[in-house]
Amino acid sequence: MVALQETVERVKRIDVDQYRYGFETLIDSEKAPKGLSEETVKFISQKKNEPAWMLQWRLEAYRRWLTMTEPTWARVNYPKIDFQDIHYYAAPKPKKTVTSLDEIDPEILKTYEKLGIPLREVAMLEGIELKAGEDDPAKRKIAVDAVFDSVSVATTFKAELKKAGVIFMPISEAIREHPELVQKYLGSVVPTSDNFYATLNSAVFSDGSFVYVPPGVRCPMELSTYFRINERNTGQFERTLIIADKGSYVSYLEGCTAPQRDENQLHAAVVELVALDDAEIKYSTVQNWYPGNSEGKGGIYNFVTKRGDCRGANSKISWTQVETGSAITWKYPSCILRGDNSRGEFYSIAISNGFQQVDSGTKMIHLGKNTSSRIISKGIAAGKSQNTYRGLVTAHRKATGARNFTACDSLLIGDKCGAHTVPYIEAKNSSATFEHEATTSKISEDVLFYCIQRGLSQEEAVGLVVNGFVKQVLQRLPMEFAVEAQKLIAISLDGSVG
Amino acid sequence: MALLEIRDLHVGVEDREIIRGLHLSVHAGEVHAIMGPNGSGKSTLSHVIAGKPGYEVTDGQILFKGEDLLQMEPDERAAKGVFLAFQYPVEIPGVTTMNFLRAALNAQRKARDQQEFSTPAFLKRVREVAGSLNIPQDMIKRGVNVGFSGGEKKRNEILQMALFEPGLCILDEIDSGLDIDALRIVASGINALRSPERAMIVITHYRRLLDHIVPDIVHVMSKGRVMKSGGKELALELEACGYAQFEDAA
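Chains A and B supply the protein sequences, listed in that same order. The first sequence begins at 1 in the working numbering and counts up one residue at a time. The second sequence begins at 499 in the working numbering and counts up one residue at a time.
Don't read these hints as lab results, they were simulated from the structure. Using N, Cα and C, we set each Cβ at its ideal position, and we do this for glycine too. A hint or two may mislead.
[To be verified] Far from chain B, by Cβ distances over 10 Å, these chain A residues were calculated:
(1) 165
(2) 187
(3) 394
(4) 479
[To be verified] Below 25 Å or equal to it, Euclidean Cα-Cα: the simulated PhoX-like pairs (lysine-lysine) are:
(5) A:487 / B:639
(6) B:608 / A:487
(7) A:442 / B:651
(8) B:578 / A:471
The whole structure should be built from the sequences, with the hints applied where relevant.
Below is the structure:
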């Protein structure tokens, strides 16, 4: 018992209090008054200079939301959220209209620097330009859209993307500049009436990223959005819409952090992906919202709706997520496999420690013929956390030849945490082939002692075992992210490593 | 000075005394065999030397190169050169043997303020040693001990021993679960590591192993003590008369 007990103790002490991103940036900001009403919705729409149709869309969502109640089926516990006690809009106060990075509040730039997010493309552009086909991972370019509280503060590499025909911009800009695309696709995957949090988001979302990749284009670089909640008592409601037109490809990364605060903050995002014929979208997330302190105080409530629609034949959508933060995670990135021969994938690492509660998983909805899906979920529970995998795999009557493979593995560290697997499987036609595997294991003292006898420290031993456990999913991440994610896993589990 | 000096060691597990006043002195270059019936405390002794949690040392001393082992964490002991070949090596899925060996070796070297091995030098070294132990390359690329046969797991232990070059090797029933051919390979791997700077403690139930690894000194353990020590012929005597005579003496 001793070795394990020590590890557990150590994890308990260090973990969440070591949140590296817990600093706050002191800047002037402009906020909507607390509370939610039609006025709030109008205020946000006005701030964004939105066209009338957008305001109408929001108001319809708001009215619908008033008739809805919060879902309670997830295995998470939290005090009732007072939706009137939240600011629905906060924006860094601009000194004047921002046209280039140099005009952004240096405090915000510093924040992103501290977080290791490269917003200054200048430095990279001045360096050695890579020739086409040359693949130096250290120098590979990543276009970043940075969202600070409710607004996008900077999007890099816009010009270069434009050359390829790729549109990558804050969604607030896209609403004004590409209304035909936004009107056609917004809400087409996650309708405004979808669920309590998605409907709330539809009413009050303030920013997020918009991506459109034209037919036959392979997006020349990774696209990335970095979300940062800074303001106190503020909800972040971002909206992301990605459209991959016929035969195109795009890889998109998303990262999230927030300052350390005693109160809980709400994050209710909606992400919609649309893949047309032969298109592919790869969506990766490293979610590291503040998880709360070692007594379970504070932290982000992460209630997110993410859904991809494989609308075209032979399309493919792949979700990869590393979830280490948030006090509560309620998140099920899903795929609707509408096009014939379309393919959906979900690779997930969900780590919970301290008092964190995770209820996460995916939905694979097979509608087209010969569609296939694959789910690999790795849950790690430590401290006093609860970690639930919840998944739905369903084949429609006409979805002949549907195939799914699911593997859910859980790893327990200590004896005060819990791991739960809740799979729902429905096949409405006899030609579907669904496989489900699930395992739960504990890091045994014998394994730890074996590693330590070979010279590894306690932390190194836990890190090694955990990394072995999640390897299959880590390999799916773009390389820069995989390295970052591996470090993050070490930090969330035993702090003193790395 | 002895490499390993154990003086009047008393060890308990949950209020039950397992080792009761054990003395043992092992010099560099020597191979000691410890024999004894089940429950005599052989495995406990190996665990306590390596520092496995869960045992309470109530009295006595263990000195390694003159330093107090009992004051050191298990990973410090490993870095100082204490190696335990496990009776039941564990499986670590998703961690390749190669990565494991490298992480462990570099951790030890770091603890000794030595430079980490360069990758090519390390790979070359692993291939050489693996070759001499008939360990196929693909085994090193698989998860540590995952899907290995009993013989492969034991060979993997010897591979680690050869790589880490420890000063003291404790082999806890290395012969268990091995057929004759596997035993021969493992024993020749161990014999190749005998050297004037290194001591070995071979724990076994059976004389058979000692035909392959010929010890300098044989100890008979019973009820937590060394009852008799002698040359390699003591093993033969034991086989003829059994352990009963020593149990009576206790």
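Residue 187 of chain A non-interfacial with respect to chain B [C-beta, more than 10 Å]:
At about 41 Å from chain B, residue 187 of chain A clears the 10 Å cut-off, so the statement holds.
Check whether the Cα positions of residue 578 of chain B and residue 471 of chain A lie no farther apart than 25 Å.
Violated, at about 31 Å.
Sort out whether residue 487 of chain A lies within 25 Å of residue 608 of chain B, counting only the CA atoms.
holds, 20 Å
Holds or violated: are the alpha carbons of residue 487 of chain A and residue 639 of chain B at most 25 Å from each other?
With a Cα-Cα distance of about 23 Å, the restraint between residue 487 of chain A and residue 639 of chain B holds, given a limit of 25 Å.
Status of the stated non-contact between residue 394 of chain A and chain B (beta carbon gap over 10 Å)
holds, 30 Å
Restraint check for residue 442 of chain A with residue 651 of chain B, where alpha carbons must lie at most 25 Å apart
Cα-Cα ~22 Å, so holds.
Evaluate the condition: distance from the CB of residue 479 of chain A to the nearest CB of chain B exceeds 10 Å.
holds, 17 Å
Regarding the assertion that residue 165 of chain A does not contact chain B, is the least Cβ-Cβ distance greater than 10 Å?
holds, 41 Å
In this structure, only the earlier hint numbered 8 is contradicted, and the remaining ones agree with it.
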